[in-house]
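So the protein sequences, as listed, match chains A and B. Here the first sequence stands for residues 1 to 332, where the numbers follow the numbering used here. Here the second sequence stands for residues 1 to 95, where the numbers follow the numbering used here.
Be aware that a few hints might be false.
[Said to hold, decoys possible] Derived BS3-like pairs: lysine-lysine, alpha-carbon spacing no greater than 25 Å straight-line:
| id | chain 1 | residue 1 | chain 2 | residue 2 |
| --- | --- | --- | --- | --- |
| 1 | A | 169 | B | 22 |
| 2 | A | 45 | A | 228 |
| 3 | A | 285 | A | 45 |
| 4 | A | 169 | A | 32 |
| 5 | A | 228 | B | 68 |
| 6 | A | 193 | A | 78 |
| 7 | A | 285 | A | 296 |
| 8 | A | 119 | A | 300 |
| 9 | B | 68 | A | 32 |
| 10 | B | 22 | A | 32 |
| 11 | A | 240 | A | 169 |
| 12 | A | 240 | A | 262 |
What the hints contain is simulated information worked out from the structure, not anything from laboratory work.
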Amino acid sequence: MYSQGLIGADGKTHEDEAFLNAFQARIDAEQKIEPNDPMPQGYRKTLIRQISQHAHSEIIGMQPEGNWISRAPTLRRKAALLAKVQDEGGHGLYLYSAAETLGVSREEVTDQLLSGAAKYSSIFNYPALTWADIGAIGWLVDGAAIMNQIVLCRCSYGPYARAMIRICKEESFHQRQGYEIMIALCNGSDEQKELAQDALNRFWWPSLMMFGPPEGDSVHSSQSMIWKIKRFSNDDLRDKFINATVPQAEHLGLTIPDPDLKWNEQKQGYDHGDIDWNEFWRVVKGDGICNRDRLKKRRKVHRNGAWVREAALAFASKHAAQQTADAQIAAE
Amino acid sequence: MSETATPLWEVFIRARNGLSHKHAGSIHAADAEMALQAARDVYTRRGEGQSIWVARSSDIIASDPVDKDMLFEPTASKIYRHPTFYDIPDDVGNM
Numbered sequence: 001m002y003s004q005g006l007i008g009a010d011g012k013t014h015e016d017e018a019f020l021n022a023f024q025a026r027i028d029a030e031q032k033i034e035p036n037d038p039m040p041q042g043y044r045k046t047l048i049r050q051i052s053q054h055a056h057s058e059i060i061g062m063q064p065e066g067n068w069i070s071r072a073p074t075l076r077r078k079a080a081l082l083a084k085v086q087d088e089g090g091h092g093l094y095l096y097s098a099a100e101t102l103g104v105s106r107e108e109v110t111d112q113l114l115s116g117a118a119k120y121s122s123i124f125n126y127p128a129l130t131w132a133d134i135g136a137i138g139w140l141v142d143g144a145a146i147m148n149q150i151v152l153c154r155c156s157y158g159p160y161a162r163a164m165i166r167i168c169k170e171e172s173f174h175q176r177q178g179y180e181i182m183i184a185l186c187n188g189s190d191e192q193k194e195l196a197q198d199a200l201n202r203f204w205w206p207s208l209m210m211f212g213p214p215e216g217d218s219v220h221s222s223q224s225m226i227w228k229i230k231r232f233s234n235d236d237l238r239d240k241f242i243n244a245t246v247p248q249a250e251h252l253g254l255t256i257p258d259p260d261l262k263w264n265e266q267k268q269g270y271d272h273g274d275i276d277w278n279e280f281w282r283v284v285k286g287d288g289i290c291n292r293d294r295l296k297k298r299r300k301v302h303r304n305g306a307w308v309r310e311a312a313l314a315f316a317s318k319h320a321a322q323q324t325a326d327a328q329i330a331a332e
Numbered sequence: 001m002s003e004t005a006t007p008l009w010e011v012f013i014r015a016r017n018g019l020s021h022k023h024a025g026s027i028h029a030a031d032a033e034m035a036l037q038a039a040r041d042v043y044t045r046r047g048e049g050q051s052i053w054v055a056r057s058s059d060i061i062a063s064d065p066v067d068k069d070m071l072f073e074p075t076a077s078k079i080y081r082h083p084t085f086y087d088i089p090d091d092v093g094n095m
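Chain B with its partners taken away, still in its complex shape (with noise of 0.2 Å):
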């Protein structure tokens, strides 16, 4: 390969206001003036979006699949954490 390689950026989109920014796919750019306008003609040619972020993929700290029930497992017992846990009688309505 003769060239660099240009950096890889993660696109997040919010569709509307009042929604979250969500993760729309990644775009290649030198910088990130340049990768918000790469975004923005990539991943918004049909009005998806209200607001893009951008942030660098080597930035984004991701957790590893392996760790996944060690991290997420616990919950899963936790069912008292859950509103239906707990019995309340029909007659004192909706709560």
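Same shape as in the complex, but just chain A (with noise of 0.2 Å):
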């Protein structure tokens, strides 16, 4: 679910301009790009990176919604997160999949997010407090992200493309699950509203770094760009989120924790407020409210986790030799 503008993409390659040159024409074209066709280094660097963060992503993502599993506050809402938290593990594995048709091992890639080498997406270092930050997570960051997502349907590179669909259309579930809680806060006691309202002040300026900077002249991003790995620009995709989200938070009755948001007539959208970078930048290099508390988690569970994959491989060969030497006496 939750995709954020590449961080730290590079997107420099090395190979002749006749090479380059051929590679863009398929493009151009509108042809997708499969596992073993010839492609740049640059673009294979770009997406690896690219597709390995996002599935960190919705792997760190599954934890500030899983510890509310135990507390949700009915039968219904608890089997509703729980399918969730599960469709977050499988986009994971979608994306894992998708970033090894690049030629890298799914230990590689787990190995740089446990070393903390790997970024996955700021948001999820900021911690969910309430029932009512579940409410917000699904409706405001999965609505984030579905925007983010909708444009890397048709990313050329097919096997992200085809991995995005998939998760596109299982995504849409979590933002309504996440806005129906909303709803029944806000119809629900002035407690309840103000828990909504509080979720909603906590989550939106992270939600609107969630697309990341503004690129401006960079490189690297128009780069993407002329690849066809990104469609818009971070700006664009965020002005869209803002346009889409702000009428739901009227129709909640609840106010966007912005006072200089404001309609604009002649672009047909809103102009905000602006977006404190210092604090997405802080975030990103580590030092959020939760980075260090996820990335421990997450050692700690693979940590747990070893002597099951040793104890499985150890069955696997040992099943296999038996059937080895099994073939063998048959054929004598």
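Two chains, two separate frames, one set of hints: put the complex together.
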């Protein structure tokens, strides 16, 4: 569900001009690039980085919501949240598979996440403090992710585009269940409505940051556009998200925590206040509220699962050896 | 890397009886039985399947994209393999 404008892309590439032109001609003709096709090194590197960051985000994204499964207010909400968190795990796996088609191993990308070398979406370094946060996460965080991911369905790299189509199909339930939680709270007692407003206050700005900083004239981002890995700028997608979300907040009777938010008749969209990009970079670089906890937990889970992986592999190799021996006896 | 790599499997799913199995994605698993279970968990959470095949990715032999023209280009000129190549008078009706 949760992708972010790629952090730290490096689209540098060293192929000769004829190779690059032939590749670009395929991209311009809207041909999908498949795993064994020739591709520039920079294209491959950018995609490995982007897809694995995206996968890590899904996996780490299970944590803030997973904490609330045992505390969901009703069985209906609990079943929905459980299904949602399970989806996030599945989405992480689709995406890791897509990354692996580019020649990187699952073990390598997992190591990059656990060692802290790889990034994931900054939004998951914010805590889910109340039940209303589960509503806000579904509504805003999944909503922002869907904006991003709908366009990624048309990404030039086939396996990534196919994973995104699957993910988008499964995702719309995530946003709807979140919004439904918000509706229930906003129709409830004053305290419940306050909880909903408080969740919106805390998740609004981090959700806008999910689209990544404005690119300006960033070379890497425009290279991603030329290769049709991405098709819209971070700011364009952010504006689309704001325009879609403001009426939803009005419907709930909640106030967007941005005094500078104004309808702009000329551009037929909202103008918004300044986003605190210092906060964004601080969180990306590891200093958000939950960065350390998230990784600590991920490492612990990975460590605790090691014996299961070892036992499964030991069983598989013993079983395979037995089968080979049986086959030999049968042949004799 | 401290651990042995867990093998990769390709997953094929038959959505409904009457349709063929279609590639759905891939999965890591130690053996065939676990691959089937993992494929079921990862690729059929919403009734997408009636049947699953898994095959070790390393057992799949793929054609090289470099050979694409050699393999597939010759059929482009063989238009006489298509029914529309043949003229049948209209009054004969559908054929």
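#### Entry: List of violated hint numbers, smallest to largest
none
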